[in-house]
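Please put together the full structure from these sequences, using the hints given.
Single-letter residue listing:
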Amino acid sequence: MSNRINWKATIFLILGTIFILFPIYLTVIIAFKTPQEMSGNILALPESWGFGNFIEAIEVTNFFNALGNSVFVTVLTVIIVILTHSLVAYAIARNMHKKFYKFLYFYFISAMFIPFPIIMLPLVLQTSSWGMDNLVGLGILNGVMHLAFNVFIYVGYVKTLPVELEEAAIIDGANTFQVFWKIIFPMMKPMHATVAILTALAAWNDFMLPLVILSDSSMYTLPLVQYAFQGQFSTDYNLAFASYLLAMLPMVVLYIFVQKWIIGGVMRGSLK
Amino acid sequence: MKRDHAFLLMVIPAFVLFFIFHTYPALQGVFYSFTNFKGYGNWDFTGFTNYFKVFQDSRALGAYGFTFQFAIVSTILVNIISVLIAMGLNAKIKFRKTLRATYFLPFILSVLIVSYIFQFIFTHMVPDLGQALGIEALSKNILGDQDLAWIGIVIVAVWQSVAFNTLLYLAGLSTVDEQLYEAADIDGAKAWSKFWRITFPLIAPFFTINMVVAMKNFLMAFDQIIALTGGGPGRATESISLLIYRGGFEAGQFAYQSANAVIYFIVIVVISVVQLRILERKEVK
Chain U
1 MSNRINWKAT IFLILGTIFI LFPIYLTVII AFKTPQEMSG NILALPESWG
51 FGNFIEAIEV TNFFNALGNS VFVTVLTVII VILTHSLVAY AIARNMHKKF
101 YKFLYFYFIS AMFIPFPIIM LPLVLQTSSW GMDNLVGLGI LNGVMHLAFN
151 VFIYVGYVKT LPVELEEAAI IDGANTFQVF WKIIFPMMKP MHATVAILTA
201 LAAWNDFMLP LVILSDSSMY TLPLVQYAFQ GQFSTDYNLA FASYLLAMLP
251 MVVLYIFVQK WIIGGVMRGS LK
Chain H
1 MKRDHAFLLM VIPAFVLFFI FHTYPALQGV FYSFTNFKGY GNWDFTGFTN
51 YFKVFQDSRA LGAYGFTFQF AIVSTILVNI ISVLIAMGLN AKIKFRKTLR
101 ATYFLPFILS VLIVSYIFQF IFTHMVPDLG QALGIEALSK NILGDQDLAW
151 IGIVIVAVWQ SVAFNTLLYL AGLSTVDEQL YEAADIDGAK AWSKFWRITF
201 PLIAPFFTIN MVVAMKNFLM AFDQIIALTG GGPGRATESI SLLIYRGGFE
251 AGQFAYQSAN AVIYFIVIVV ISVVQLRILE RKEVK
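Residue numbers (my numbering), protein chains in the order written: chain U, 1 to 272; chain H, 1 to 285.
Mixed in with the good hints, there may be bad ones.
[As the list claims (entries may be wrong)] Among the chain H residues that face chain U by a calculated CB cut under 10 Å, a handful are: (1) 3; (2) 10; (3) 31; (4) 41; (5) 84; (6) 85; (7) 90; (8) 92; (9) 98; (10) 103; (11) 109; (12) 114; (13) 167; (14) 223; (15) 260; (16) 265.
Bear in mind the hints are in silico, worked out from the structure with no lab data behind them. We put the beta carbon where it would ideally sit given N, CA and C, even for glycine.
Here it is, written out as structure tokens:
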């Protein structure tokens, strides 16, 4: 009885994917069409699959520069977050019985409920006067913005790790930093994956923070470039969609190859 | 003793960075909300003047009205659709992995870019299609209509948010013991009562988290709106975040929008706490 395939649910779900895939189908075909083809049936396949729109989009938006900026910020953010947030979470998780660390824990995670606009205006004044209105500054700020959530899931995970191994290492003469680096940090691997995935996706797709922080357009990340070129795009949808597709492509390709890993990582985070 | 020092060293860098780039600007925001600071130049203390002004400002009240309407409708829709999809994906279906990957796809895409794509769908594709088929209701651009533009934003927000919420529900459903259903089947329980008596109580904590997180995210909506309508037509879809951004950076209302941001913060905290209280009481039942 329980091994029978539920065809009703299967068909319902397959039909539902039309809603998900349709906008993506539309993006792909419009990105390949010419402006003349737009007056015909919008949903029809393009007459030829030339890369003209893409080449133009790469030139107009300086795509590889923006791609480099996005990759740089994302990688920097993930490195900062994995190294520092796991360290703080370890110290907090092992000292939760002490008032100071308990306070610190709630102090950090309360930031989840602080809307970004309340800090936005002063933060922009502060970062520009300190010369942090660049990609490195953005990486550091990303680390600060993700601290609350990451500490929350890291602490939850460290609490499930047995302390016996640490105690044995301390008896063998290891200091606290060595214990963290050699024993705890490797044991946190599943959570590193979750944190890295969620942080990377958020940093890669972020729009509001780069919008207010970055002052020089040569530092613009991929989403910001789409915003900056809206004026030009509104007269040429084919160029616009080619640019959108290029901007989304790196993440989509990555997703196709490691989707099982990404979904697993996000689910692990949600069970914490 | 030494170990205590080491732990302290571990938290200091993060604490310092967090204080300088999060707590300090937040405190500054609160401080300036009691002044007439424009973002530059001199300023004076003005007490609660900015706060009184926010409550009399039709633009601000309009932004709160729109944001609440948008957030409440989107939260409810996202949660209903997500539970349905998650239950489907949790059933014994064919192509489970592929379907799961497809439904999760919107989560990895940029909100801004997705909104630009939908903007094209709403302004060009749907009206063209409506005219070709002679359907009056579809023949116009809903984003250009004062009363309907918010629906377009709801559609895009829901399209994208369902992905993550579905995954959370799926995680919740995976914790439900199959044998409970088998026992219910033996008792002859109907699907509807199985859902409300078994599934729902067991995934209630996930329901609570989903409702709170979705509501909070929608209250902070910014990217979708900037890409779809830019707050228009007129100011019909100007969200609170967008208003603070525009007023604060483009209109020299640094202090005034800081007061608005403080009110906004209080509103979000109150809503989240109320939601948690109500939903957690339901969970216990």
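Going through the hints against the structure:
Restraint check, residue 3/H versus chain U: the minimum CB separation of about 5 Å is within 10 Å; hint holds. This hint holds: residue 10/H has a C-beta 4 Å from the nearest C-beta of chain U, less than the 10 Å allowed. The beta carbon of residue 31/H comes within 9 Å of a beta carbon in chain U, closer than 10 Å, and the hint placing it at the interface holds. For residue 41/H, the shortest C-beta to C-beta distance to chain U is roughly 12 Å, which exceeds 10 Å, and the interface hint is violated.
Proximity of residue 84/H to chain U holds as hinted, the smallest CB-CB distance being about 9 Å (cut-off 10 Å). Of the supplied interface hints, the one on residue 85/H holds, with its beta-carbon coming within about 7 Å of a beta-carbon of chain U, less than 10 Å. With its C-beta approaching chain U no nearer than about 9 Å, residue 90/H sits inside the 10 Å limit, and its interface hint holds. Proximity of residue 92/H to chain U holds as hinted, the smallest CB-CB distance being about 5 Å (cut-off 10 Å).
Taken as an interface hint, residue 98/H checks out: its beta carbon lies about 9 Å from the nearest beta carbon of chain U, inside 10 Å. Restraint check, residue 103/H versus chain U: the minimum CB separation of about 6 Å is within 10 Å; hint holds. Using the Cβ-Cβ criterion of 10 Å, the hint placing residue 109/H at the interface with chain U is satisfied: the shortest such distance is roughly 6 Å. The interface hint given for residue 114/H holds, since its Cβ lies 7 Å from the closest Cβ of chain U, which is under the 10 Å cut-off.
At about 6 Å, the closest approach between the beta carbon of residue 167/H and any beta carbon in chain U falls short of 10 Å, and the interface hint on this residue holds. With a least beta-carbon distance of about 5 Å to chain U, the hint placing residue 223/H at the interface is held under the 10 Å criterion. Evaluation of the residue 260/H hint against chain U yields a held restraint, the C-beta minimum of about 8 Å falling below 10 Å. Checking residue 265/H against chain U: minimum C-beta separation of about 5 Å stays under 10 Å; hint holds.
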